[in-house]
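First to last, the sequence lines map onto chains W and E.
At position 206 of the first sequence (counting the first as 1) the number is 199 in the working numbering, and the numbers step up by one without a gap.
At position 123 of the second sequence (counting the first as 1) the number is 142 in the working numbering, and the numbers step up by one without a gap.
To be clear, the hints were calculated from the coordinates, so they are not data collected in a lab.
You can trust all of the hints, since none of them are fake.
In silico DMTMM-like cross-links for lysine to aspartate or glutamate, where the CA-CA straight-line distance does not exceed 20 Å:
| no. | chain 1 | residue 1 | chain 2 | residue 2 |
| --- | --- | --- | --- | --- |
| 1 | W | Lys61 | E | Asp412 |
| 2 | E | Lys212 | W | Glu52 |
| 3 | W | Lys61 | E | Asp235 |
| 4 | E | Lys500 | W | Asp33 |
| 5 | W | Lys104 | E | Glu449 |
| 6 | E | Lys286 | E | Glu265 |
| 7 | W | Lys75 | E | Glu191 |
| 8 | E | Lys232 | W | Glu54 |
| 9 | E | Lys136 | E | Glu126 |
| 10 | E | Lys136 | E | Glu110 |
| 11 | W | Lys104 | E | Glu498 |
| 12 | E | Lys232 | W | Asp49 |
| 13 | E | Lys83 | E | Glu134 |
| 14 | W | Lys61 | E | Glu409 |
| 15 | W | Lys176 | W | Glu136 |
| 16 | E | Lys232 | W | Asp87 |
| 17 | E | Lys382 | E | Asp352 |
| 18 | W | Lys61 | E | Asp504 |
| 19 | E | Lys602 | E | Glu134 |
| 20 | W | Lys75 | E | Asp504 |
| 21 | E | Lys338 | W | Glu223 |
| 22 | E | Lys232 | W | Asp47 |
| 23 | W | Lys170 | W | Asp139 |
| 24 | E | Lys381 | E | Glu349 |
| 25 | E | Lys232 | W | Asp94 |
| 26 | W | Lys25 | E | Asp412 |
| 27 | W | Lys93 | E | Asp343 |
| 28 | E | Lys232 | W | Glu52 |
| 29 | W | Lys93 | W | Glu41 |
| 30 | E | Lys286 | E | Asp390 |
| 31 | E | Lys83 | E | Asp52 |
| 32 | W | Lys61 | E | Glu239 |
| 33 | E | Lys500 | E | Asp483 |
| 34 | W | Lys75 | E | Asp412 |
| 35 | W | Lys93 | E | Glu239 |
| 36 | E | Lys500 | W | Asp87 |
| 37 | E | Lys212 | W | Asp49 |
| 38 | E | Lys136 | E | Glu559 |
A quick note: this is a predicted structure, and the numbers were derived from the prediction, not measured.
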Amino acid sequence: MLKILDSAIPVACWSCSVAHNESTLFCPNCSKIQPPPGGDYFSVFGLEPRLHLDLDILEREFHRLSRKLHPDRFARAGENEKQWSLADTALLNDAYRTLKDPLRRTQYLLKLHGAEIGEEHAGRDPQKDAKDPVRVLPDLLEEVFDLNMQLEELRTERKAGAADPQLTVALEAARSKFEGLLKVVDDDLHAQWRVWDAGSESERRAAQNRMVALLDQRRYLSHLLRDVTETLGAE
Amino acid sequence: MAETRVVGIDLGTTNSLVAYMEGDAPVVIPGVDGSNLVPSVVALDPLPANGGRPTVTVGNSARKALFQNPERAIYSVKRLMGRGLSEVQSELRFFPFRLAEDVEEGEVPRIQLGELKFTPPEISAYVLRQLKRNAERFFGSPIRQAVITVPAYFNDAQRQATKDAGRMAGLEVLRLVNEPTAAALAYGLDRSKDGTIAVYDLGGGTFDISILKLRDGIFEVQSTNGDTHLGGDDIDNLLLAIALDEIHAEHGVDLRIHPGAVQAVRKAAIEAKIRLSSADVAHFDIELPNGDRYQREIPRAVFELLIEPILERTAGPCKQAMADAGIAPEDIDEAVLVGGSTRIPAVRQLVDKLFHLSARGKKPHSELNPDEVVALGAAVQAGILSGASETTDQMLLLDVTPLSLGIESLGGAVARIIQRNSTIPASTTEFFTTGVDGQTNVAIHVVQGEREMAADCRSLARFDLRGIPPMSAGLPRIEVKFLIDADGILHVSAREQRSGKQAHIEVKPTYGLTDEQVESMIIESFDHAEEDFAKRLLIEHRNEANTILAAVENAPSNPAWQQLTAEEREAIAAAQAQLQAVKDGDDTLAIRQATLALDQATRRFAELMMEEAVSSAIRGKTMDKVSEDLSENVTAPHAMAPAEFK
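This is chain E alone, in the form it adopts within the complex (with noise of 0.2 Å):
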């Protein structure tokens, strides 16, 4: 049983673990340092001298990384699975990451770390790959199936790119069970009391809220609500902003450009934090670079009244959860804290207030450790779909889609196909038509949300139906058959009804990467191949290459270039044609080189076109409405005639 024993994975915004069933318990299993939590950190050693490719470290070692080579090192990737360009730069402000520079609408942002860049899938694959790593030292046999735990409150993209992740570790993801869900497994094993139970799982970087009906060892998920941005995360970065605004203010320093500095800074936050939860009061004692200390004192009715807004963010979720399960406060038997950040007392006090707890006798569930339980209901969840284990087999966990799915009308509309709080597997079949005589081609777009508009909801995906016979407008009937699977991820079909033809389907999923990317992002295949690394930055080169080339083939159209002597333009020509005769050689080093001497030939004539860009801002518009008009760009009119409901 050895060869396909099934391992559960939780891969946190924080921390990360793995965990088994051993006989009738799950069990954590600890890593080489004899930790049982793999902080979800990932570092770039440096490039080694003799060339080669940098080895890639994960977990507490990488930590270090933060602090030495922040440039090199990222954390909290968890926040940017699945999510599109615009969405990861308003949440990079907060967060000491570059994006790579060559960055595009529409498709996955890559990270900039050290000369590499990374995809979010491509860095959580190295924390999976590393627990895969531990659990093989602890089991000494390959370990090939997982199964990964995900916030309730995920999308479909988002869920999709977790198990991209799990691919490219060669992991095969058996199923993607929400964390809420995953810790009430966990509670569930030894206590099969029927009843309603609420989890309130409040993470690093996540939120969730689950209200479950237990009834003979079925977990039936009645609602969930959550906020995919909100956790301890939160807390760092106001205590952090707090901190670095005080230390500009007293000591003229500001520490904001100094990465490593703040790394530091935040970790004296994060400590502050966790000491609050215990005692009343915590220090702040940092040494600036300048030789001065920034010494502060934190009460905790101050470090509670600083957070109370975050922490309110949590309760609108529970409250429409309750009313999505049709139940008040006091239909509630169980609640079970979740997630580092329930150590707060704070929390406590608002989990209390919102289930009536205290008042009806009775206190939440936290005996089992709150960092590890979401790890160990997924090594139940693994030991279930296993069918190893009696207990288990009495099992089973029916969840729900915690968004709407729907469908853009005409005028933008949405309309929903799947409710919210839908049981899954679930299913619905709509019917389409032609709005033109003889029209071959429908395109349907789909979103997922709650708002009326599409363009309020998360886009993801839309899809061309093509070769419908030619027939009248409205003539034709395409069934097209939607179907989210165990795993909350969307899968459609087609067929057009009168000629029983099935039609295919072309689909554009609006974030997220196709199979071929992914099937080339495993990164086995370039882990152990010094060649496949070559390779990679070879690519990466030569893209970089051609991106200027392609910038410099215009910029004779640029008004700047006419400011420009004819000497610079001569320079710019050489070095250019330089490049253009390396380019597609196997000289990375060549390439490399004749690409700075372009962009040093170029310098000048940049910086005159951004005076021109700054200027013409200043004329008329601001940034902001020049960065508008882009994005309204991008999401022009589909060329297509629209679908249209039968």
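Next comes chain W alone, as it looks inside the complex (with noise of 0.2 Å):
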């Protein structure tokens, strides 16, 4: 099931000798597939690092490279290039997941940035950074304090056995509220894209901050908006 890889990185192309860019998926000389590249996602698709991306440019590119890289195409090559195959699908599969998706995209580039972000990682515990809403929504604590109250008193009163119906409609109406105030954050952060792909460094790095936080605090309202389903829905 486990073996260890071997990962290193050759500066002359393995087949031809010449020497090569290093972050290049084929050698630009003969053509022969080459082991992981070093750069970011952004290169694998030879893209600029920007938040606006055309969607349907990235698909296809994901789908001519892996028409070239996947391990399905090497079935019968030799072990070496067997394996960078492997490797070099996983990276190409990796960067498409994080690049197609508008928050992950942002979350990543930002990282690549030196921003500190709150993201769900391995051994965090992923409530505690988005449990603080002090810090992440100080406009709304006291309604964010009210969801949960009322969210509590309808788990408490299903479990002995009638719910309140009034508490179901507020819960409802807050929902709607909360889906608002998500889409307010949407807006933004992608009014901040603009900023980011087009401004300044001072505009930029303003524009970063903004993100950071407009990040948090989407990761804060939707665990409340799933939380509220999942009550909801419970019935």
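If you follow the hints, you should be able to join the two separate chains into one complex; please do so.
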């Protein structure tokens, strides 16, 4: 099930010995597959690191590279080429998965630029970062507090057998309100994308800080909405 | 090219098939009896009178043994692949097979078949070998490479077990392909229209739903879901249970103690089920051992009512798959039906309802034989891998991992590192450190599943990172790379970053065979050589002797020992000495006889011990509690310091 993979990076092409740029999937000289390059996810697709991406172009490029890199194309190749095809395709898939999703893409790019993001990470309590409304949503403390109370109440009443229909109505209203808030956050995020992609160095820095805060809010709001939906749906 | 021909194999719960690409079209290879389907049944012929190994038969001829010698035949073994002891035990409640008595927690369970014991991959290997032979007879040349299909929802252990079975059968498994995806490939050959496809695959023992996007010959799976414990078998078992209860109530005959008769009723239940796909009513008419007849009519309406809860269990996975793919039923352009159970009209109605088909003027696809379509798709994938035809060169399958991969973190919670429905191959890198000064080992527990706590997920492997240079706690930075390959199987590598040392990984797969075990089970090796079989039998008898000797060794410490008479104890000592004397020799028969003699001599002791156990159970604990206590011990905390994440 498990084995150790080799990850040495040659500078020259293993096949034709012509030296090549490290971040290439295929040798520019002889077109042979190369071990995973060191660059970021954007460079896998030959893209500039930007937050606005044309998803159609991204998908087309993903399919084009998959056709050339996939292990299915190397079923009868030598052991090294097989291993590189596997590693390169994993990199391609990881890159595509990250870049095609707007949130993952934003997080990834901000992290490349040194931002600390309370991402759900192995070993961290995924709830912990999101459970700090004082930091994340200082303007909405009261609403959040009320909502959590109502959620708790509904769960308790359900357990006891009889839930107050009024409570369900109130929760559904709260859900619409928080969905609206989520939409506002998303719109703001998209506006910041434009600034980040086109702005000056200082504008960029401001946009970055704003996005880090927005991502925190977004994560908090989605956790909250998930809780509400689950509780309402668990009838 | 004949030497390098790659075949596609559908290793099914009920039936298995082998197919190949004839030019641009996949074709199923028939067996010697002319049938395309090889029933996935394996039977052991009676021991030859002059010694030697009993012949293993597969398929239709083995099916006969189910009725005549049920203790020497096995079917639906796919449900046991890659499963641990407790899972197999609960599964076997519905099947007439027995576990070998000396099976222990933590090893791959073995099934007792006549005088021999087999792991599930070995049984599957016999089915695969039969298919391999059918193909070799068909081509007149040896076959060494194959694509084998697995349910999309199979986990890592089940996939590995399938690959092991291929190796035991003498096949290099070039790729494991998910069954619904294979079916989509088979359909995609002649309709290269772009769009979104839902494949609903209800087979003999497993259910899968996959949602794919087809674009320019690329089949990109968006999401998959399923239940590896749901299929036609469940319908058969339900009808069987009802019939057995009625026979017991109306005729006073408990057939459950006659395995052969149970198989006869099971056969009648399956025939009734099949009939009800075309007829409005089916009849049961079975002669009972006491001469009575059990006669009963099942109208289709009653049948549909009975199976509704089973079919309803497919709805949840379908909805989840659509949600994961981010689509609504209206976004599905085509629905494809796969698996023999989709012949049931009620299943078709459910599919229609789930994907809003007839409301949009659509019909699900079932033009390709639902029993054959997976094997045909496997052949297409074999064609893609061998690069043999221009048609298949245009096609590429991008599949996903069905279950999230996670690591147990402090407190037993799961930290997800690869989300379900990620396109494979997929990888991720995590960093670990030590919690204690000078710690040189870190233990990591890898699990698969969607639950929050590791204990509720499927345990894949525990591994130890060893050889970390001693440093202050938290200083080492160990990079661990997890990679799921194109077969959906996990690989792990590790490196300590500060020292640049490759950490040594010692892996203990939670379920599954080691490389050496698989090697020793390659069936060609003991299939042709008489002495190999003799050797195997000798080893099994010797193991049995050692087991009973170890038990007798411990006997005097049991309170029941005090209740034996002096004569009884002497008889045990004599039998014990006799077995000790012969057990390491090569005389299989002598070992067997001495073992039986010792077993005989200790019979009363065993009875006394059992009484003791029963009365202690009554005194306080129920048996369930006792077994719970036992399993708690099995999962005792790992001796090494737990991994900490950085």
